[in-house]
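**Q** Given the coordinates of chain S, work out where chain E should sit on it, guided by the hints.
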Amino acid sequence: METICTTDSNDMDEMRLLLRNVSKFCVRPSLLLTVLLGFTKDPYPNIREVALDGLVELSSCIVVEDQSLIEGCYFRAVELLFDCEDSVRRSAVCAVSEWGRLLVACNQDQSKKEWSDTVFVQLCSMVRDMDMKLRVVAFDALGKIRMVSEDILLQTLCKKALPATKEKTYCGQLTAKLLTLPASAAAFAFVHGLEDEFHEVRRSACRSLCMLTAVSAEFASEAVNILMDMLNDDSVVVRLQALETIHFMAISDHLKVEEAHLHMFLGTLLDRSDSIRSAARNTLQSIKLRNLAMFRLAIDALMKNLEFYPQDEADLFLVIFKLGRTHGKFVGSIIREVFQELEPSFEGKLAFDNARTVALLVLAISVPVSFERRICTVPPQTFSYAVIQLGRISRGLFDVVNQDTLLAYLSHCSRFSLVSDSEFFKGEEPALQLEKSDVLLCQKSNDTSEAHLTSPLLDSLANLHDRVTSCAKIVLRKISDIWRLIDLGCMGEVIQTLRSWKEELSKFTSDSPQTVGVLAFALQYIHVIKLLGKVWTRILSSRNLRYHGMGVLEVLLGKIDKRLQDMRYRFIGLSREEELHLLEIMLLSCVLRLSYLETCNLEASLKKICTISSRVENLCKEEAIELSNFILDLQKLLCEIGNSSDGVFENIYLLQKSLKSFSLRQIVLSGEIKHLEAELNVLDNDFQNPLPFISGLPVGIPFEITLYNLTSEKRLWLTMTVDGTSPQFVFLDLHEFEGCDEIRKFTFVAPFYGTPRVTYFSLKVCIAMECLSEDVQLFKDYEGPKPELSFLCKEIEVHLSTPVK
Amino acid sequence: MAIECLVLGAGQEVGKSCVVVTINDKKIMFDCGMHMGYLDHRRYPDFSLISKSGDFTNSLTCIVVTHFHLDHIGALPYFTEVCGYNGPIYMTYPTKALAPLMLEDYRKVMVDRRGEEEQFSSEQILECMKKVTAVDLKQTVQVDKDLQIRAYYAGHVLGAAMFYARVGDVAIVYTGDYNMTPDRHLGAAQIDRLQLDLVITESTYATTYRDSKYAREREFLKAVHKCVAGGGKVLIPTFALGRAQELCMLLDDYWERMNLKVPIYFSAGLTVQANMYYKMLINWTSQKVKDTYATRNAFDFKHVCSFDRSLINAPGPCVLFATPGMISGGFSLEVFKQWAPYEGNLVTLPGYCVAGTVGHRLMSAKTPAQINIDQDTQIDVRCQIHQLSFSPHTDAKGILDLVKFLSPKHVILVHGEKPKMATLKEKIQSQMGIQCFDPANNETVSIPSTHYVKAVASDALLQSSLSPNLKFIRKCSERGSDFGGLDARTKPGLKVFR
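Which chain is which? The protein sequence lines are S and E, in order.
Heads up: the first sequence begins at 1 in UniProt numbering, then just goes up one per residue.
Heads up: the second sequence begins at 1 in UniProt numbering, then just goes up one per residue.
Among these hints, one or two may not hold up.
In silico lysine-lysine, DSS-like type, Cα no more than 27 Å apart, as pairs [claimed, not checked]:
id, chain 1, residue 1, chain 2, residue 2
1, E, K454, S, K177
2, E, K427, S, K177
3, S, K256, S, K288
4, S, K166, E, K425
5, E, K213, S, K159
Quick caveat, the hints were computed from the structure, so don't treat them as lab data.
The shape of chain S in the complex, shown without the other chains:
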């Protein structure tokens, strides 16, 4: 029967308006939900549409713990996926996506996975809809899903039902009448999207694909085939998105490039559009080419790019340099082939006005700084040739190295020109190898630090200790530059750079305690910045933070706090400036926690901020250092919060605003830093040789302990834990052990009391230090450690078992 409705069109418009602005009225959400659900059955499509939109809006601002309620809303939205009106179906897709997310969130483990797959397949079933906008919305929604079974992902690229998904069905609807949803509904979904007539849909599909390649490596390796074909697309936005997706896959290490792909991919280097060529080059530098043939193809394509589009020169040089650096072993053989071109001709003229020659020179000079530790195979005169083109080259490599450093580097490398070619090609020139890390580390820097940068680089080569320290110092100085990148959200590049610095630093090994301290500090610091960067980018993209980022954010902030605490207490000899620097980062972490994590304890966090900031103020006064803008803002804010009656909750947005004024200061290592460390060992103990014990009686465990840089005032504890119980602490009184503060080595038999009633167990043991600071009160009579602990070594496992008679 057709319903005859008495409302006229005027009334309907009013109702639409009312529903559209539903979030503005203060209606109890429970009532609102009921009303909205009711209107999803309205005979007028416009009303159904806004009712669904209202449900979407509601889903983001209420917390529902009742799963059956969420299911109800979800399935109501699913029903409307088969509405006759395009606009209703569009809103229904959004509603399915949002309520599906809630549904997934309120489940655990296996059922969580199951629901996530269900929502995914349900959305996949909509990508063949005839409405273009709906397809865009559907693909956008697919990209938001974070957890999908690999089988289903693979099915989206295959038209026939795969054996793994053939029989599977989910709760949902395939058509208005069929109330089960076979997994095969997902078949070919992504390919359909990528083949779509409208570039909006193709782009959206490509973007979602990008998100999902992070989920499964196998899916990524299948998807790359069709993605390479997308580079053939006629729309620039789609090609750009395809390149971005490939770039993302390369960064997340899910990209396997075959030679067949390369033809299509390198074709984009000759594209008419500037942005495509630039994106293609950007992607190319992060791709790992497996063999010489592929590398040669890539270099040839870059040369062609240079030939057809000379305006790209500067950028091309950088890409060639970076590519050479990551593929050092191939460059040698290429340079040997083209060496004739680089040599001066018979008339003694150099063909350097030729862009190709300069590009080859750039390739050649990238070898000594290659990441692959290979012996340099480039004839040294090449470096002299490169000096002639210094200006041109350094314009291209501006981002990596400045002109002075480049000159120093080139003249240093060409110094070996006395060595004959033949010797070079035999590959017996280890001397060059030593310096490469210096050059690498000596990356682009501020003008102020320039002068003394190049000198230690070349002059102090003899002294390894100085070199290590100066390298570490250079790195630390550079990090403040990285902050700008983080602020821009270029986390991919930042992580790459930090990783390469970390690799360089960890290559140094040294016994000198000072060097060890500096290195350890630098590594820790890099790690903290990396974590901070991750947090920062998450907050930058804060639109989705509420749904996706919370858990991760909490974990990241937790890690940062732990690391910072370690840095503050496990290094001695930190200057006031250094301490100030660490404190400022600590403050930042507290503010981040307070302003973005709803789960944090407001009072405690605020108190912590106050304590740290007063300490900062004191330090600044003592050293007569200016307070940073961030701290000034924060202090002002704390006053306001203290005065206002609203409480912290109302002022959170102010806190968030104060974050904008934060920028990372340069950290300059001045003093000699010592790292507090411990080594813990139990001789001859492993799974097969357990120590004997009798259950219920205490057991003595002989530990071999080595302590570095720990003075006897430090309060150390052995923490011993059996799985699932609270730890037992044993105090180590350092006065009782021999040795000096620098290194103290001794054997200590520690009693363990709580042996469980089992025949075998393992004990996790670690050495921890009390973090004593001015603001923590100490109670002498307290048993066990009171303040927070900082662990000095890696946890070891001790195996114990009752002896067999």
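**A** Then chain E, alone, in the frame of chain S:
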């Protein structure tokens, strides 16, 4: 009340599409095609089944033609001019423009070359076209008081349409031939979600699952590029309309991107004329062509020049489009004879070739091969052969997708091969739960139709049914529950934060 479907052609076969649907005394003929495989009476649908008396004008309400292919329109002049049908005929604008060309070309081939008896004259074709009413996409045409028809975009060829017809409460869709994936020059089929009693769909590729179109394009471009890079000549035999434009657009784009200078030729004749029509009917092409139209007409091919016979043996590589598609004679056969003996050359074959043509023999042959053109001529074929798998028809997944989207109460399959149709029919019934038929020629399928009965409800009932009365359908066995009268005071699970 029932819908009667009389399948006069394309029942369990491909060729002479013609279905007569009767709804509430309205008789609509969808398509009026001819079978190219027969020369006797079987080439036309058996029109006598419509009306014993031969008074077709009064027994049919209207004729609807979906597109200009001969197996959909070939019998129309015969039916109107010879059999005397004088009622309304509907087709889209491009179809009306291109149909006389196709019919005239066919008439010429039959009469002038093969010397057969003339079925209809040129004047009769023109006379027939005068009776045609052209319709636009999504334009609702009120044929008479009760019958409405509406055309939807179908892809396939220029001007192809699906037709929606409605009499009272009964609505059906006849798809004609359609394509669900867009290609370079035409878009994908596009239709609204309608409340339908019946969908009559083609099923040419009822069991085929085609791979991504990108793979096909890549293969084709690779083969052509390899050939011209080696200095060879490429012969692409195609029909004048459709494939020629599609492949040419693909090559033109590729040439542009790769900066190739090798000439691409179009043999004069129909193809050039057809290009002109494409240029005029931009509105019926793909989104991409429409988007770029502001800057340039995508059918103004940059790298294409017209061909001269003297160029056949000119040195150097080239690409040539020539008609007819299956190398059954004409210019493409002439060029084939010249180019086939050289190893460096390439000949592409369309996905489907009628038995008996040179194309069909090449499909099964392995090069080098000897092929007899006629009793006196034998060709030594040494060139490369590349089989194209481009097709303007949708595949099985596309048919299922369309049926799923429309979710009609019944489906009738036509225009396909019998065993494959049976497989698809089974699939539609089991996967979608929709009743499906695959009638043979001259069979009638009778389908019950919807009929709404108006009932009057009291104001009180309306009030109560308009107020929200929530009830969720139970989806997942016991997990779903009833939320009638839900309230936060009784449901502590609901919390708010803002």
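**Q** Now look at each hint and say whether the structure bears it out.
**A** Hint check:
1. E:K454 / S:K177: Distance ~24 Å between K454 (chain E) and K177 (chain S) Cα, so the pair holds.
2. E:K427 / S:K177: holds, 16 Å
3. S:K256 / S:K288: holds, 8 Å
4. S:K166 / E:K425: This hinted pair holds, its Cα atoms lying about 19 Å apart.
5. E:K213 / S:K159: With a Cα-Cα distance of about 12 Å, the restraint between K213 (chain E) and K159 (chain S) holds, given a limit of 27 Å.
The earlier numbered hints are all upheld by this structure, with none contradicted.
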